[in-house]
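Undergrad: Quick note, the sequences are listed as chains A and S, same order.
For the first sequence, the positions run 3 to 288 when our numbering is used.
For the second sequence, the positions run 4 to 910 when our numbering is used.
Wrong hints could be hidden among the right ones.
Claimed, not checked - Simulated crosslink set (DSSO-like; lysine-lysine; CA at most 27 Å straight-line):
1. A/LYS65 to A/LYS38
2. A/LYS218 to A/LYS180
3. S/LYS310 to S/LYS136
4. A/LYS65 to S/LYS807
5. S/LYS807 to S/LYS823
6. A/LYS218 to A/LYS137
7. A/LYS65 to S/LYS136
8. A/LYS218 to A/LYS281
9. A/LYS65 to S/LYS823
What the hints assert, rightly or not - Sample of chain S residues facing chain A (criterion: CB under 8 Å; computed from the structure):
10. GLU24
11. GLU616
12. GLU644
13. ILE645
14. ALA646
15. TYR860
16. THR891
Keep in mind the hints are simulated off the structure, nothing from the lab.
Note that beta-carbon positions come from the ideal geometry of N, C-alpha and C, so glycine has one too.
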Amino acid sequence: MILGAGRAVSMTDEEFRLIRDLICDFCGIYFEDSLKFLVERRLQPRLPVFGFVSFRDYYRLIKYGRECEREFDEIVERVTTNETYFFREAYQLRAFTDEILPMVVAQRSEGRIRVWSAGCSTGEEPYSIAMLLDKCPIVAGRPVDVFGNDISRKVLRTARAGMYTQASFRSTDNAYIKEYFHRDGRTYQLDERIRNRVTFGHLNLMDENALALIGKVDVILCRNVIIYFNHASRARLLATFYRKLRPGGFLLLGHSESLVNETKDFELAPLTNDMVYRKPGEGSLL
Amino acid sequence: MVWVRCHDCGELVFRSLSGPEVVVAHASDVVAQVIGVALIDSRFAPIRVRNGTQAMAVMLARRPAAIVLDVGLSDMMSFQLIEKIRAGELAGTKAILVASVFNKTAYKRRPETLYGADDYVEQHHIPDMLPKKLASLLNEPEPNLGRLDEAALQRLNDDESMPELSGRNRLQALARSIVADIALYHENEVHACVKSAEGTPLVSALDEGRRLLASMAIVDGDTDPIQEAFDELVRAMRGAMCPTETKGVAERARRQNRYVRAQDLWPDHPGAIAVLLDLLGDSHWRVRKAAVVAAARFSTDANLPSKLVDGLASRDNAGLRNACAEALVCLGRPVVAMLMETLPTQDADHRKFVVEALGLIGTAEARAALIAQLGDDDVNVRAAVAEALGHIGGTEAIEPLKAMLVSKDTELLHRVYILQALVSCGETIPFDEIQQWLGQRVLERQVLALLGRCADDRAIAPLLEGVVASSRETRAVGVCALAELLADLKGKDTGVVARTLAAGVAREAVLEALADPDDDVLKAAVSVLAATGDPGLAPTILLRCACRNVVEAGVRAVISMGSPVVKPLLEAFDSAPIEARVLFLEVIELVGDSISVPVLLEIAMGPDTRSSEAALRVVGKLAGVDVLPALMRVVREGVPEIAHVAAMSMCAIGRREADAVGDSVVANWMSGEVNPEWLVVLGGLSRDVDIEVIAGATHHRDPDVRCAAIDAARSYGTSFDEENVIMLLTDEHARVRASAARALGCYRSDTALAALLAASQDADPWVVAEAVLSLGGVGGDQAVRVLKDAAGSSVAPIAIAALKSLFRLNPPQLEAAVEKALAHADPEVVREAIAASVRLYPDRARELLGDSLRSRYWNVRAAAAEALVNRSMVLPVEQVGALLIAETEPLVQESLERLLRVAQEGE
Ligand SMILES: C[S@@+](CC[C@H](N)C(=O)[O-])C[C@H]1O[C@@H](n2cnc3c(N)ncnc32)[C@H](O)[C@@H]1O
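In isolation and in its complexed conformation, chain A is listed as follows (with noise of 0.2 Å):
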């Protein structure tokens, strides 16, 4: 690296596959050796912070280190892509409300309808629920959680906050975001009715224990996250949602995302709007 004086610090191949391994077992996200400059340059300014002169003793700090946890967090700030928008796969969407929904509905009676969006950024994606049930005569009356959780404090800042810019409209139609924001100069501020039907959460996917807090679950919607992770990583969160699900539940990916290689616990859902898998379970074959 050409890069500043005190920045040239480069990472060798054995550094980065124990950085890249720790760092896998921490949160599940991988990366291929052809990613090695990435995560180089990802963390080179952590270097000078502790007046390291080489990865071997970063490597050692958040293995051994008193404080490793606090020193993953700020890995975790650089290696998460925290991408998101509102109305993302839209399509989707539209099988969210218009079609698993109903079915939800009617296969539970009564009590509470919860939703997790798992790996939620900065809010988007439960937001977008969030407007998207408030519009939805079916669960009128009916008490639906949707709650969202992150590993990454930073996007939940911005999560709770509420606070948006033009990028996360790409999709949005203007009709919900004349309803549901105020304009501010650069900013858009989401309304408070609509904030306060969401929860947010810090968690760790691939924490057990943590995992622990979260009951029994109707929808998962876990988009764009677990392309991020290697296959053992993703093996063992898929078995996490299939426990965290009530039968006949939906698990929703991200549109490059499928189980095929990975599980076959789940069946697959042909609904008109999109395909989802579903836990197989009451009423679930369809």
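Let chain A serve as the given structure and place chain S with the ligand on it in line with the hints.
TA: Using the frame of chain A, we list chain S with the ligand on its own:
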């Protein structure tokens, strides 16, 4: 030749009326025509069909002697068609594959298994090779040698493939054909994909395929026909491994049996070599393939090479020849001498195999023998020699190649190879000599590549034309060549480039090259664009480079345009993705333009950590004291990690304006604003006047402040009061004690030693580790005794610290400590011990490192191998060879290969 409607299948076919019938299955009219002409000239009777289904129908009706088939049939995989033929009554039919060689000039490995065909021929060798190969397979008299004239070559080059299909069908057919071609030349990788679910080893070849497809047809951005075709191929091959139909059960059982046998063949089995050769000549490609892999295990068997060389001479088993050639290449350098001895053979095909193998092995010893062979009687051998020389490289080959190039007798195709060889050698040829080849489309790519390194400004014009050539592949070569030329012409007037690239098709073409999947092309496009000096291009360039492994080249190119790039970069900042934003800021840091500071401060306060961090660093480098209030605000209000970066940025400004920065920080402190980051700044400045403030802070009630104060004290070295530091070793917070233990390392006094010895018994492992590390700075018998014990600690950080300290002090006890640590359960401790083993007596170190080569941790094995290589320690070749064969980790394999070379040289 006449066109008739086949009365059996109703297809329109061409055929001549005498000679053995040969079915020609090819979708392209141009290629089929060239094949037809070549066959008829040699008195075969071709029957033309377009795809595999037709081929089967015609073959069952007519029972031809042979089939010549396109490797990429439009309706089935060529290997499937061959399997069908082999499974039934047509089993005896000879089959020759026609490879389209999707990239006509790349250096290709000889395909080894041919997926069940008897032989293969590359498209541009149809006239000169196909009749000969057919004749030898069918035991017909040797036909007259045909020659490929320029017109036919050009026709093949310009072949607009599969015009009869349209839309998605054509796209799919083209994709299949490209993938089939890739598969033919990358069998190992395809097999890896068939075996496991991951399809990574072929990424670059598939990318090349995508590029080719895009240059032949319009591909919709959302689809990836190449990937689809590849997946289909892999699926089909998996299916073939466990076929469901019941025909040919016996053959499958035989094949399965022999396949397993090959996989499990080891040199110590009785009669192993005979078995191996038998398997190498098996009729089924999968068995041959497994046998080639097995052959690599025989690398230390002295009898094998000569047997393989004999196999090359086989006249009736092309599969055996191919497999032997591949196995010889695997064995590498040790077989070179033997291969060279067999060169004078009469059999031209044999010579060609030998030449190709020598080229692929690529050692310089073969160069002289190959040069002598440049004038071979056989045109194909000559071509192979040129290719092989290009692969081996070296200046000695250049004059003979050049002589051959200008000779009137040299045929066109051969010229392509020679030019390609000159390109691969890295030779420069003066512009005046290259000029005569300009304008010949067939030679275009090679000529462009040579122009790129002639360092002559007259080459600019033809290269600018090459940049807008019709084929994408050629355009990429053009861009690379232009970049190379511009680098060589530094300092000369290249204004014409900037003018030509200011607008229009050439500019578009180079911008398009920024999206090329090949990193080298991207790099070249970047440097060509930088040569235009147009700062408006900076954001585009960096956006393209941000997520690719060419970041450095992109940054360098953009900074070469100087500070005018700052404005466009800041303008594009908001809309750029994070990875690119960080690059923008790095560039601004390097070109240094203080106008940007206000915007940078705004970015620093923004939500994105990486941008904030980078922006603060730039501010530290560029700004003056006027930004101090803003930076102090970030320290106060920012999240902790950003606050710390802001403090470091203040230190950076303090390097220029120590008093302004120091005084304002002290003022904050004095006014009661307690913030550990202020101590970070004061430590960074290390002004004598601040020593009292820092000393005072070591007694502050907040442990974070005490830690920060000791860390700041460290930058004062021994001028800071030693007693003060020692006191802190009694702090109730382990963090503070650890910082104190670290700070004590610079005082080489008895009091410091006593304190550190006490700290080395602390209950907290981190305090112990720091104390142990500091003891390495103090030394003395007592310290060494403690260090020796600590090196055996089961707590990894303590053991590592102790090894570091012992290494620094180098006492006689080091050896025992290292030996013990090498057996530690934690691989990081072992790694440290390997590093420290450089201080041991070499023979002992070699022995110990040799043991570490068998560690169960891959990184320990790799480190041990690297250490042995770096210290030129020779281990027995067999030992390293055996480890290499058993090794599964690619990274360790690389290290072991280096070690093997050291071992071989040593012997
Ligand atoms: C690309 S975003 C997807 C956002 C949203 N679901 C969508 O589809 O637009 C991926 C998010 O997953 C989060 N993530 C990655 N690994 C995680 C883990 N182990 N636990 C929780 N969240 C994780 C990242 O922080 C990031 O915000």
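Undergrad: Does each hint hold? Answer for all of them.
TA: Quick rundown of the hints versus the structure:
1. A/LYS65 to A/LYS38: 19 Å, holds
2. A/LYS218 to A/LYS180: Given that 27 Å is the threshold and the Cα spacing comes to 35 Å, the pair is violated.
3. S/LYS310 to S/LYS136: 24 Å, holds
4. A/LYS65 to S/LYS807: 18 Å, holds
5. S/LYS807 to S/LYS823: 14 Å, holds
6. A/LYS218 to A/LYS137: 25 Å, holds
7. A/LYS65 to S/LYS136: 62 Å, violated
8. A/LYS218 to A/LYS281: 12 Å, holds
9. A/LYS65 to S/LYS823: Holds, at about 22 Å.
10. GLU24: 45 Å, violated
11. GLU616: 5 Å, holds
12. GLU644: 6 Å, holds
13. ILE645: With a closest approach of 10 Å, the S/ILE645 hint is violated.
14. ALA646: 11 Å, violated
15. TYR860: 10 Å, violated
16. THR891: 14 Å, violated
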